[in-house]
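Now that you have both chains on their own, put them together as the hints suggest.
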Amino acid sequence: MAMPENVSAPAPILRLENIGKTLGGKRILSSVTMEVDKGQLKVLIGPSGAGKSTLLQCINHLIPPDEGHIYLEGRVVDAARRSELYAFRQQVGMIFQDFNLFDHLDALNNVSIALRKVRGMNRKAAAERAMAELERVGLANRATLYPAQLSGGQKQRVAIARALAMDPKVMLLDEPTSALDPELVGEVLAVIRDLARGGMTMVMATHQMDFARALAHEILFMERGSIIERGSPAELLAPGSGTRTADFCSRLTDLCEECS
Amino acid sequence: MLESITTIIEALPYILEGTLVTVGTVFGAMALGLVLGVPMSVAQAYGAWPVRLAVGFYVWFFRGMPILVLLLLFYFGLFQLIGLNLSAFTASCLVLGMTSAAYQSQIFRGAIQGLPQGQLRAARALGMSDGTAIRTIILPQALRLSIPGWSNEYSILLKDSALAFVLGTPEIMARTHFVASRTYEHLPLYMTAGALYFVITLIGLKVLRRLEHKLHIPGYASHGPL
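Just so you know, the protein sequences line up as chains C and U, in that order.
Numbering follows my numbering, with no gaps: position 125 of the first sequence is 125.
Just add 1000 to wherever you are in the second sequence, counting from 1, and you've got my numbering.
Just to be clear, a hint being listed does not mean it is correct.
[To be verified] Listed next, with one range per pair, are the computed distances between beta-carbon atoms:
| hint | chain 1 | residue 1 | chain 2 | residue 2 | range |
| --- | --- | --- | --- | --- | --- |
| 1 | C | V76 | U | K1206 | 57 to 63 Å |
| 2 | U | P1140 | C | A87 | 22 to 28 Å |
| 3 | C | K124 | U | G1110 | 34 to 40 Å |
In case anyone wonders, no lab produced these hints; they're calculated from the structure.
Glycine included, each C-beta is placed from N, C-alpha and C at the ideal position.
For reference, chain U alone in the conformation it holds in the complex (with noise of 0.2 Å):
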């Protein structure tokens, strides 16, 4: 028992370290799935059939691949072929981002589709161009609207990311796994592991929560008390 909490100690800044790598592709990932996903979800919610049909196309690859394949096929597969040299942190992030734009597309897009049809129309006869109408209009709505979708999202992303150990981007699994080999304390190193996880979910899911009651309108698509 002791020893357990010697080796805790002892693999935590270690495996804490790995926390700022975790966090950094949670990050690189989620903002990388939101600067593809939204131009992918308006594209697909109001653009000409060819590019509904490309993004329709990328949905259905990256939805349809386990995340692990993703991973290795990816980095030691199509990035060597176009030349691309990548450190495993770099390549973790894109697939990770590549893959989460596949989802967050799809949330904005249910989102951007649950608007009153009524507020582009008016949006259109005070003069609008569409463009306008939906940088001002519809996105603001539906960008509201899609954060608790997002919250889902960056709960599932971060978990994800552990898979990440695969192509030896130290984070927190690579590293639990890497001292949990040499030392034989798996139970207590898996467990902090599994803690780091849940705070990290907690506060992620915190500050989502946050964000949506600062964004509140009043008196619009609340149910109850936030």
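Same shape as in the complex, but just chain C (with noise of 0.2 Å):
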């Protein structure tokens, strides 16, 4: 009997194989593979129309990738299969630049809609689930608010809260903080630092150096959909090391200068 290799070494929680698409005859991505262990965040960064929104969206068949497969722990997802694509996005969280918050909904049942019409829990139990949730990011005191009472970054935190209540495995953010304004950056990239420091494993992209520098297990930088260049943030920005995620780096920093 053959035996299955690496028994130790866990699968990791998600796996990219050579993801391709193409939009309107522009290849958008090429070829990209990529693996996310448990408890890792990894940042994906790069210019603007590298491909990092259409890789995050592809990740859970928002888009349909033209070519490659993807796991979840170690099983290839077959996306064909409505069940079994439905109950994958499940498990993938994912938050959106412009936070698509359910307009109709307050805040306390834009967390818990899902977890009533998803996974059919009764509406007692969704509200009490979703209450904690709204807690954690900060917002139990707007759980009556809709979306259009709420500021930018209020309303990511409840979109946080809205993926968390799902008990996601991994977490897609696509640009979590570029809709806020300024000083609203602060408040989200506080419950995203917490839950990178509680164990949850992410793909984020972002411009948000500093943070990317100080949380990040290892940076993807991206560029006409292929992935050039990946490390630790300690290689990949290191003063000198001429790499092109360095370089990227400091012409954002040069920016942010010239416009404070």
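Encoded structure:
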């Protein structure tokens, strides 16, 4: 009987294998491969149009990839089977740049609706769980407010609570602070930082380099649909390392300094 | 002058009975239009191309012909052809309802397609099936946004329902016409009929406005006071 390989080393939680995507004749992603281990924070950086957002949306098939495979805990995801796709998506939380809270529901129901409609929890249990998640992001006192009554930072924190309520194994964060006013960025990053420290597995596209430097286990630098550099923040961002990543980041920093 | 008033007073109970028929026709037709129009709008917004084509054809057919033609075509033609023996009232409800479905589907489709793309994306990302997402996320928002357009459809349909008199449906118009042709008091009688339509329109629009207010989401899709 053949023994499975690497019995001792657990499979990575998430594995992407040669993901490719062409849209309108344009190559958006070409053979992207990456592995995310439990508790890791991977940060995607790169110029706009590099494919970061498309890659994140390909992972949970909001944009179906044309090529490649996605594995969750070592098992390939067969997206052609609806029930399997829905079950997979429940385990992969997604945070969007523009929040995408459900505009007709208050904060509590934004968090509880999927618990009720997807998980089949009853109203009371779902509300209790939702309240606990809102507390975790510091918004228990905003539970009855509607998205239009919340600030950008609060909206994004509700969106994080909504994703957390589904007990995701991985979280995908697509530039979670890019649409926020500068003074609101901190409160959202603080929540994400706490998640990272609590051992949440995450893949995050961001331009917040200080955040990436401090917390990322690995930085993946994307350009024209490919990951062209990868490594720890220390390796990639060291002064004089001559990497594309360091060059890109110094230009970002220069830009910030010019502005301020 | 006195004679006119007497005629109106004498004819009023008879015509008011027609008001019930008119209101019944409009209610029936609006309800049928809603029940058919919502799935049609969803099919047109999210369906596969054969479904979209079928809905498009339906809408084109019912919007492309005068109601008068449709009423006569169905009542004396198509319903007979398939062996349906319907009362004039039922036939009016059905034809007006099917026509309204065509218009209502476009009101709802506009509202659905006006919602931010991210709503459906976020629902899918949580593991919702498209059906669940449409029922719990898309339609509750789209239907709210449809109320102003729906009020419009109501006021148009109410007045279109006057055409049902060509089938012999005993509604306001048919009864007014009947009395007028016997008493020759055209002016006061048609003024009465007009006033009745006026009042029913007003009440209906008030009710829908109140509904809009009641379903209003704080801070959402509102520009100025309601």
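Hint-by-hint comparison with the structure:
{"no.": "1", "hint": "V76(C) <-> K1206(U): 57 to 63 Å", "verdict": "59 Å, holds"}
{"no.": "2", "hint": "P1140(U) <-> A87(C): 22 to 28 Å", "verdict": "25 Å, holds"}
{"no.": "3", "hint": "K124(C) <-> G1110(U): 34 to 40 Å", "verdict": "37 Å, holds"}
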